[in-house]
Amino acid sequence: MTPEPIRHPRRFEPLLWGAALGLMVLGGLFVASATLSPNPWNPPPWYRLGHVRQALWYLLGLGLAVLVCLRDYRALSRWAMLAYWGSIGLLVAVLIPGIGSTQGWGARRWIDLGPLQFQPSELAKLTLIFALASFLSRPRPELATPAAFGKVLGLCALPFSLILLEPDLGSAVVIFPVGLAMLYVAGAPARYLWRTIGAGALVAAVLVVDVLWAPASWQVLQLEPYQKRRLMVYFGKDFVPPGATGAERARALQQYRDAAHNVEQALIAVGSGGLTGKGWRQGTQNALGYLPRAVAHNDFIFSVIAEESGFVGSVLVLALYAAILFSGIRIASQARDRLGRLLAVGVVALFFTHAFINIGMNIRLMPVTGIPLPLLSYGGTSVVCSLLALGLLQNIQLYRATP
Amino acid sequence: MLQVDPLRPRDPRLRVLTAGLALGLAVLLAGLWYVQVVRARHYQAKVRQQTYRVIREPAVRGKIFDRAGRVLAENRPAYQLNLYIEELRPRFRETYWHLRAEFIAEKLRTNPPTAAGDGFWTRLLPTSTTRPPRVRLSRADIQSLNLATRYHVISNLLARLGEVLGSPMTLTEERLRRHYHLWPYRPLTLLENLSPLQGARFLEQAPTLPGVALEVRPLRHYPHGSRAAHVLGYLSRDDQATGSDTEFFHYSLPTYEGALGIEAGYNTLLAGRPGLRHVVVDSLSYREEETLWEPAEAGHNVVLTLDLDLQQAAWQALQSLGPDVRGAVVVLDVTNGDILALVSAPAYDPNEFLGGIAESDWRERLNHPRLRPMLNRATQGAYPPGSIFKLVTGLACLEAGLDPGALFTVQPDPANPARGAIFVGRRKIRDTAPPGEYDFRRALLRSSNAYFIHHGLEAGRERLLGMGKRFFLGERIGLPLRQEVRGFFPYPREVRWQWSEGNLANACIGQEITVTPLQMAVLTAAIANDGQVFWPRLVQRVEPPETLPGDHGLSFPPRVRGTLGVPAEHLQALREAMLADTLDPEGTGFAAFHERDRRTPRLKRFQVAGKTGTAEVEEHGRTVDYITWFTAFGPYAQPRYAVVAMVESGRSGGGTCAPVVRQVFEFLEQREPPVAAPALADHRPAP
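These protein sequence lines are chains B and Y, in that order. Numbering of the first sequence is given in this note's numbering, commencing with residue 1 and proceeding in unit increments. Numbering of the second sequence is given in this note's numbering, commencing with residue 1 and proceeding in unit increments.
Everything labelled a hint here was simulated from the structure, so no lab data went into it. Keep in mind that a hint or two might mislead.
To be verified - Have a look at the derived ranges for each label pair, beta carbon to beta carbon:
(1) Tyr84(Y) - Ala205(B): 48 to 56 Å
(2) Leu214(Y) - Leu95(B): 56 to 64 Å
(3) Phe235(B) - Glu290(Y): 37 to 45 Å
(4) Trp33(Y) - Arg195(B): 45 to 53 Å
(5) Leu95(B) - Ala22(Y): 33 to 41 Å
Virtual Cβ for every residue (Gly too), placed ideally from N, Cα, C.
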């Protein structure tokens, strides 16, 4: 197969990469602001500074994106199932103590590679997109069978349940909209989709009711206490058990305040930014430690951006994401084949879901989950995987046939 | 930028997906608009609320001066050591990890981990055990570790500080916990009122003691101690002031409020306006930075009418009776009602109250049931006036038409023929004066009970009590001291049915009614100045502090409360009789105003007119105590000063109180330059 990229009028996507570059600049700037040293008399060495590390990750991700573009995505897709099973293997490995690391938190999400940590769930999302795309690119009538549909669901369910075991509910949940979007665009029968959505919603509702309101012995899904608290905070349910004594009530209220603290402070940070923000590095929520330092530069980077650059900055971030998303859609619509289109749709759905859940969480539209904001949040795996995904989009555009 | 149009014919599903994305982004945009633009003020207020703490700082209190500008109350620098806890945070961090490691080691020793799964994998993968286990502590453990850390670091620092200062210092964990809980953004006061030596020792070692600062605050000081204590009052310290409803602050530095005396009566003016300081705190409530929001405005200065030298002289005169004397001396300017001296003994030292009074001190000394040093006897003590009330009785009798020259024969007491007596109904009232012929002058200077009861009963209740009311007896005198009683002196109509002739007879000689020494001074002044009753004036003016150039303060001119409306010859007759009390060898006040040879007057230039009194305090029909009085004015020719002395449990008015008054006049005479020798009225009877 010899594509003819040279004659192709649109081999490079300036809008896509311009937006990505904009996000990376913002990411570097605000990671620097969020990791502002609490003790200026004792700054950490330069190589441990957040924004320096973040910039290194950007460079690595960009390098990998270029590598991805070297081969036609169809050639790459031959390895799709292998990559899928490989990442499933990693997801299993991360659950094993000694290989998987908790990083001092409650969940085993990381694989320790000496000085670096690697989060296999981020990679698994990408490989899942690859696997789904190659599976769904078969002719449409084949997809209309329940067996095929079931296989797709199985492909999704396997990483989903493994990620849930870590536990990382947020990352697991992301898989569903991605899978659904790809199924939908692939032309799966609408009734199957509706049934899947209906069943998923029903299960989710039952689980939420079960977790929040059912007595302890009835609870099927044993969530971690912090997950349960986050859900309760999101649904505005207080922690006071029925028939609690005064002391228990006070303790439960304290727990509620602790659990609601991040959400509350993120919201105050975003809201207090106002129209134009307080200025770069002038945000008080982060500098004074109200927004916990442990999360300000990764999961809650958006609230730092929104506080310091205001509504203007928030709109800029949304616009940059919109540019990436709609470029992706256009790439999908112009793709050479179904495989390319599905890959592009998967990447777009992944970006959108991440951005929507993360930004929504900052303004209390979504419950708190540890989902990174693509290209903005501090974190190597997330940055590299996001840039890989963008590289994939570029690849599809690069190797499309002349119309 | 969106090339959606080409999609339309080709792929409706992609178009739906695009619409979904647009919708999602629109939802986010709307949410952000709501939070960041519509509700921005709400969240900005929340930021302020959680990051700002307002601290109230009291202003420098105004000074109190006497009439000549001598200081009665001022402020002195007091040094204190404050600990700025946030500067210890690097040390906290170090110590925290030490303590945490110890805590975990202890925990693992007493309670080794028993998780089965971990054990299996650990055995399977022995390489992973080279790292120390990551332990997650519970929130309660972290909190108690944090507190232990702070206590550990601060205790060590205090031990060092104690070595430097040469006196051990301690801080209870409870106090630290409380400080942390309530005001972690405030410096912790370690030691107040450092001595200069301690200050010097600290400054020498200060660089090795991080976070500790020597700071200075104004502290009230009363240079004359207890001399004017009852006029000045005292301050009470309030460490948890909440302020008025209109004020808002999170914490107030120790505030001093006037509790009594001028300090209380002029508290608002003296205190000035406190300043407000805003402190930005971080999420742990540590201080990050602070700004002075509103500077404090110093308080106004109060200038009293008091004459410090005279006050001291009056104090000395009263103290000449002994250390535990219970009494009062009031000196009034008869021309305008200025209070020149107001002494009550025993007195407290207002300096003592600044640091707070120990419970035992209060119980055993300040609240002593008999000495009662907190009582201002000059204004708060209501005592029966005894014979000094005969001044009022005399005026009432003269008004009723008594001829001062007419003679009245006092009958001898059947039980004691050397003394006189009078029978009111069936009750005998004894007299200290001998039986014989008495005119008005002799009756007053011998203080004959029989004469005044006889004529007083003739004058009647209306006249007697009416005359007293013209001096505003039984009424408030309106000093801004928060320590005043009105005494008991009824209107005639109030006792129309209650008072028998016997009661009236008692009233004629100053029993049954009560007055305060200050009321008696006002009364004496009115007799001396031809019938003008003044409001006694204690505060001359209120001066603004130097920082307020536009403010001219307040001044209080003398005020006349009423005039007696008594014919001048009545007052003259009374004054002459009072003068005779100190000049006539028979007079009850004679001995005190003359040398032992009973001829040479002790006062060379002043002639003093006075009246003695010895009132009986009865309980259950028995005399349990005597209140002795001497009230006088002088110099006789041109009256300037009215002086009243009252002593509880004295021997007699002439023996106990008259010498006190004489000493006050001796001081006045010696101070007064001998300008023109006043014409001495010769009231000596021919030898």
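Against the structure, the hints come out as follows:
1. Tyr84(Y) - Ala205(B): 48 to 56 Å: 54 Å Cβ-Cβ, so the 48 to 56 Å window holds.
2. Leu214(Y) - Leu95(B): 56 to 64 Å: About 60 Å separates the Cβ atoms of Leu214(Y) and Leu95(B), which means 56 to 64 Å holds.
3. Phe235(B) - Glu290(Y): 37 to 45 Å: holds (41 Å)
4. Trp33(Y) - Arg195(B): 45 to 53 Å: The hinted range 45 to 53 Å is violated for Trp33(Y) and Arg195(B), with Cβ atoms some 36 Å apart.
5. Leu95(B) - Ala22(Y): 33 to 41 Å: With Cβ atoms ~39 Å apart, the hint holds.
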